[in-house]
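Chain by chain, the residues run as shown.
There are 4 protein chains.
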Amino acid sequence: MSEFFADVPQIKYEGKSSTNPFAFKYYNPEEIIGGKSMREQLKFAMSWWHTLGADGTDMFGSGTVDKSFGTDGDLMKLAKAKVAAGFEFMQKLGIDYFCFHDADLAPGGRTLAETYENEEIIKETILVEMKKTGIKNLWGTSNCFTHPRYMHGAGTAPNADVFAYAAGQIKKAIDLTVAFGGTGYVFWGGREGYETLLNTDMEMELDNMARLHRMAVEYARVIGFRGDFYIEPKPKEPTKHQYDFDAASTIAYLCKYHLDSDFRLNIEANHATLAGHTFQHELRYARTNGFFGSIDANQGDMLLGWDTDQFPSNVYETAMCMYEVLKEGGFTNGGLNFDAKTRRGSFELKDIAYAYIVGMDTFALGLRIADRLIQDGRIDQFVQHRYASYQRGIGAEIVSGQATLKTLAEYALQMGEVHTNQSGRQEELEGIINNIMFSL
Amino acid sequence: MSEFFADVPQIKYEGKSSTNPFAFKYYNPEEIIGGKSMREQLKFAMSWWHTLGADGTDMFGSGTVDKSFGTDGDLMKLAKAKVAAGFEFMQKLGIDYFCFHDADLAPGGRTLAETYENEEIIKETILVEMKKTGIKNLWGTSNCFTHPRYMHGAGTAPNADVFAYAAGQIKKAIDLTVAFGGTGYVFWGGREGYETLLNTDMEMELDNMARLHRMAVEYARVIGFRGDFYIEPKPKEPTKHQYDFDAASTIAYLCKYHLDSDFRLNIEANHATLAGHTFQHELRYARTNGFFGSIDANQGDMLLGWDTDQFPSNVYETAMCMYEVLKEGGFTNGGLNFDAKTRRGSFELKDIAYAYIVGMDTFALGLRIADRLIQDGRIDQFVQHRYASYQRGIGAEIVSGQATLKTLAEYALQMGEVHTNQSGRQEELEGIINNIMFSL
Amino acid sequence: MSEFFADVPQIKYEGKSSTNPFAFKYYNPEEIIGGKSMREQLKFAMSWWHTLGADGTDMFGSGTVDKSFGTDGDLMKLAKAKVAAGFEFMQKLGIDYFCFHDADLAPGGRTLAETYENEEIIKETILVEMKKTGIKNLWGTSNCFTHPRYMHGAGTAPNADVFAYAAGQIKKAIDLTVAFGGTGYVFWGGREGYETLLNTDMEMELDNMARLHRMAVEYARVIGFRGDFYIEPKPKEPTKHQYDFDAASTIAYLCKYHLDSDFRLNIEANHATLAGHTFQHELRYARTNGFFGSIDANQGDMLLGWDTDQFPSNVYETAMCMYEVLKEGGFTNGGLNFDAKTRRGSFELKDIAYAYIVGMDTFALGLRIADRLIQDGRIDQFVQHRYASYQRGIGAEIVSGQATLKTLAEYALQMGEVHTNQSGRQEELEGIINNIMFSL
Amino acid sequence: MSEFFADVPQIKYEGKSSTNPFAFKYYNPEEIIGGKSMREQLKFAMSWWHTLGADGTDMFGSGTVDKSFGTDGDLMKLAKAKVAAGFEFMQKLGIDYFCFHDADLAPGGRTLAETYENEEIIKETILVEMKKTGIKNLWGTSNCFTHPRYMHGAGTAPNADVFAYAAGQIKKAIDLTVAFGGTGYVFWGGREGYETLLNTDMEMELDNMARLHRMAVEYARVIGFRGDFYIEPKPKEPTKHQYDFDAASTIAYLCKYHLDSDFRLNIEANHATLAGHTFQHELRYARTNGFFGSIDANQGDMLLGWDTDQFPSNVYETAMCMYEVLKEGGFTNGGLNFDAKTRRGSFELKDIAYAYIVGMDTFALGLRIADRLIQDGRIDQFVQHRYASYQRGIGAEIVSGQATLKTLAEYALQMGEVHTNQSGRQEELEGIINNIMFSL
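Residue numbers (the numbering used here), protein chains in the order written: chain U, 1 to 440; chain F, 1 to 440; chain Y, 1 to 440; chain R, 1 to 440.
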């Protein structure tokens, strides 16, 4: 078998003093952090689309990266080469999971039947590699946004034929996920929204989206899928407005349509910030409401208004992310999927390896820091102490439900003025974070 | 009684050919539009705070407008003068409703008891004016964000004393609203959020906020309040992140805590855009989910990242707003409250009248256009036609629940490719809107 | 010759009461507004790229619009068909000008020589059509951003070969512009910026960009180009940061490198707002500094952070744009180029006609309103009056240069306090604008 | 003399293993980094306004922090107490410089004459403390934005009386700066912009602003000021649009009005990001154009659209800032002024000390990392190598000015296609930064 990433050696941990660009400086897979090995805590996954497909095309330029993997234009040959290249890459990087859209794996045919056939062939190729390598599937999904037929949406399309076609595609994507033993199935509704309200029946569209999600759950549970369904919120792009704007709007939707027992969230860092939230906010909010699921690990540019899907390099972000993950008790069915692509000017295949290394090291640093933060205890103790007034007296009455507006008014009338406020100490706490980060 | 707005005459409708700055050009109160008089359709309300209180202070400058209304520093005298000035202003503008925070009406005392006393005195003054003029209360609310005691929130404060104080304040604000016959009670949680997650227990805060809202409902229903409770979403400012970020997050919250039968939303234009949504989106989303309530009529600057609370002057916005209101069948307990203030450089009292005139005329134009849009029918017919495929065949099976992923997959396998997509026609529809707007 | 836009009839002015989607409601080409015919005032131009090339591809989806114009994959046949289709379209819409990138006209070859040959062939085809129809070229430009060779920029590329290639392309694009009698030559530096400062020598890049611009001027003046060079500012996208961020940064650049006598600005509405400015701001700022040139007529979505290039439909924007154009005395070498594309879901060729109609009508409304605004005089008089204090006394001394910090301090010491401020009257002025708009 | 910051001890360097909140962990004043002591490299300055004046007031809430410093409402007593408190604070923190607005030092009087008198008294008090402590003045400025008289601007006011008053204020602020031996004088034009173009004569306003700046230079040079004038760019807030939007627009202005030999820029981190630029971009751009001057050290919230003026805690930002400073050869007349305030909920005086400690440590870390980055050399070598093609052959001809569009076209015609592009390696470079940061 030919080697596709010939420039890329097996990547090993060499520690922070190494300057070898092909080495991990912080990610030491078998090292125990927070009670588990780093590889178990982090559950890194390779994204099939960006890693094996994205060629640097942007809205103002055509592809810069050659991802033909030695093939000559035949799409099925390419699909097979991608399998080989992908498993080579995951092995070289020591990545245990992959994530995919149906359309990433195999080319779409002229008919859905042809597409199914293509997918079946590639499925077998992948199963062989999985068996050989022990690499697992984290989750699967269906691409219902690239093809022109989905121009107005899939589940929310104003055209029943399109809805049906999407259903057909999703059925097969679920089949594939189950075949691979995937523990999650994702819906990202890139065109499940609207371009203008002038032509949109929002109520019908939301009802239909829920119909599609419900059908998917019913089908998958019958064929034995035991994993989680995820919705991946994103506020906008490609459509002007997407219904799954952020964690909160997605939860509102899931509850309204009684989908909340089957669905969790797949939180993406870049989508969080595009919605006006921090990455940590979306994770905390998901946790607080019982919808924490999986993570799309990437990074946006806070000064740009579109999805840049950069590889994570900001340790502040990954530290607070991993703090939330550790507080949740770690991942169950979810993991960290690198929904990230190299910059258009990083056009060599080895740039992809460099990018994964920086991404994995950045999350490794995040995990180390988050664990230290919890061990250190100062932040958690501060928070616990801050709310202590709800454990006694009037505070306990509020929490237990004994207090009423009247009894509290009487209490307040006695009080005179509040004399018990305490400083929020934001600056001191930020100093503690820096101190923990920069004394590893 | 002295006249406070001496420069401002009684404002009358003179039609679009008038150049009198003290005349309505489009708002003709008794003219019937969409089956009701304009005054009934629009239900304009004066905001006590901005109109009678805001003095032009901003983060980099002190007040420019003299709103002492002839008083000399005594706060109770000022509060009474504001009542007289407010009713004079509403009468001159022909405004039928007012909205208030407790703190706008009467000065806070050294103790809550003193505050109650002050509020009682002003309540009586207002009741006299209401009886005399027939002006009504649209809604009331309590200011639990200005006083330093609320530095970390009210219902979400990490201090039970603060929660209790807020409860005491809200109890009285509800009493006042009931006394005035108000049909709504608003919660805007300007500090119900966080500055940094480093010091925040989000779960506890959300639970506590719900406890406060539940207590308020229970109290109010007992004392006979039959109106609606509203939450007014705003994403950020003053706090870094507010829990009631937008309509969707508020609805997620209301459903989680089973507050959905008592609460509706008070949608503000400027808050919508700060959250990354159009004003119309928030209204449509509220309607679609059954939470449409009332409206804070103002306008933000789309290039500024803070709440500018400008008087509405953009007719595109008000037309689409009134389209949603008409589609909803008009207001029931809600109305259009001008949560808007004159610019700091518009420092004369008559600027407030100019501002209300432009705001009321802009909504009057919006109403006229929205009504024409519905009469015209082209937009609505387009939308209806666009989704017609769900009324027959496979579409009807989807809607009725008969279809499954399997039956749809079979249908799609037969179909080959989708050949039934239709253009979204956004540009043509935008042309229709302009045509209707500019042929009044 | 086959008809490409067979569904689209000749578009005529039918006035505002028409509901014919294939008619102008406000654009009446020969009507005199502000002393010239509307067609002369507006100087509409068709953009070759969006109109004849854009197929609806976005970052998450492939093309929806068939722009093969009956050809079968041969790129030169397609290029010729585009010429025929373009001139048919311009004639049907009554558009007098076109704008182009070299790469829009003819396919790039395997070598620059081949590209030149292709361009020569299409040049001749176009010249025939120009002669036949009387349609003129507004401006030309070179696409130095789509091809992978420009991944790191063209004039600012860190690779001299790329700089040279760009120079070769631009030379020919200038030749074409001169051959067509174009009155402008545009530089839009989509990749003239950086992705990260970590790999960037900003000083070298700016110096090089200026070298390229200077060479272009020198070459063009020698071969007889008498028109204007334009830089088209855009802050970001595709690169993270572009040097020609906005009008001000472009002017700083032009002055630093002494390019200010040959260059003016091509202001695009959507680029203005992406930079944090209003469209009117950029026009006013360009005028105030003597750099007003030409306009890319389109519209962004204020809630989206990327270039949506929508057809203009907001009359507020076009009214204030045309106000600036009229105040400037109209266009000289510039005009209104529709750098705008139909939405991806508007996939039929006739949607392009609908879109141009709404764009042209929106600018026609803008022109009518701007002219009315100037005739009306209230706004201009207000401004003139507002600054009147600089025409006499201490104000005149300030303006004439007689005053010094010392003499002014003495004056201020005498003054006591400023008692002469006047209200800015923003709300009243906004009411006047609405009144003029809605009483056409 | 009473102690104002009684809770705050003398702050000393204890190293990164310390958990003492009242100790520096990274700032070791006398340690040599990059050839100078840290205190010389960093030149920290205390901002008089935020540190001694800001009381936590925001647009939705009144003050939370008691900054009466033991006084009882008499403004001159307060001004004197602030002097004592400020010097105590600077000594305890080991800060060598202060920055001030005239209005921070002494209360404004009923007349300018009275203001002058107040300022004279406080000047003497400060001079005594300066002599006693050796603390120096970094720069002074005049507050021409808070008082209502400046509602429409100062130098750009449409009222000559206001211009004159501002001139009188600035004259005295320059006098004070000279008396204190300050090495810089700053203009921040918070109201030098506009709220709406409807009432604005931009040309007149820009001309007048330049007149004011020129007068200030002329006056100051006569009385012996040898330092730098600075403009501090900020895009918006308080006005909708400020003329000194960013570094580029300010440089365009300075060049147009021939003020470039006297003025440099005072770059603020939070203002940079509000303008859509990174902090590093503004510093690099200023350096590249020869306008680097001084720095306002703070930090914004990238998800908030207003000036939060937070204390710096993000080490990525300070590292790249100090990289630019070191590359410039360090500060000459400028320094690092903490234009930063504690959060409203951090209401104790000791929070200010915590905040300065985190800010100073964050910049100390930044300096250490920047120095390591330069020592390490990988980044700089990469950049140098990247542009190497301009040192030979065709590249050298481009740089020397020998090349023309024609000769380059001939070169490109020979070349065929560009085969010499190199990867931009953004991901690898980001990994190097992290590696240097996290191996201190």
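One or more hints might be untrue.
Unchecked claim - Facing chain Y, a subset of chain F residues (Cβ under 10 Å, in silico):
1) Ser17
2) Arg110
3) Met202
4) Leu206
5) His277
6) Met302
7) Ile357
8) Val358
9) Asp361
Unchecked claim - Computed footprint of chain R on chain Y; a stretch qualifies when at least three of its residues, placed anywhere within it, have a C-beta under 8 Å from a C-beta of chain R:
10) 13–26
11) 96–103
12) 169–179
13) 206–217
14) 285–292
15) 365–377
As the list claims (entries may be wrong) - So, partial list: chain F residues that the calculated Cβ filter (under 8 Å) puts toward chain R:
16) Met59
17) Phe60
18) Ser62
19) Gly63
20) Lys67
21) Gly70
22) Gly73
23) His147
24) Gly190
25) Glu195
26) Leu304
27) Trp306
28) Arg343
29) Arg344
30) Glu348
No lab work stands behind these hints, which were simulated from the structure alone. We put the beta carbon where it would ideally sit given N, CA and C, even for glycine.
Results of checking the hints against the structure:
no.	hint	in the structure
1	Ser17	holds, 6 Å
2	Arg110	violated, 35 Å
3	Met202	violated, 27 Å
4	Leu206	violated, 27 Å
5	His277	holds, 7 Å
6	Met302	holds, 4 Å
7	Ile357	holds, 6 Å
8	Val358	holds, 4 Å
9	Asp361	holds, 7 Å
10	13–26	violated (count 0)
11	96–103	violated (count 0)
12	169–179	holds (count 5)
13	206–217	holds (count 6)
14	285–292	holds (count 3)
15	365–377	violated (count 0)
16	Met59	holds, 6 Å
17	Phe60	holds, 4 Å
18	Ser62	holds, 6 Å
19	Gly63	holds, 7 Å
20	Lys67	violated, 13 Å
21	Gly70	violated, 19 Å
22	Gly73	violated, 14 Å
23	His147	holds, 7 Å
24	Gly190	holds, 5 Å
25	Glu195	holds, 6 Å
26	Leu304	holds, 6 Å
27	Trp306	holds, 5 Å
28	Arg343	holds, 6 Å
29	Arg344	holds, 6 Å
30	Glu348	violated, 12 Å
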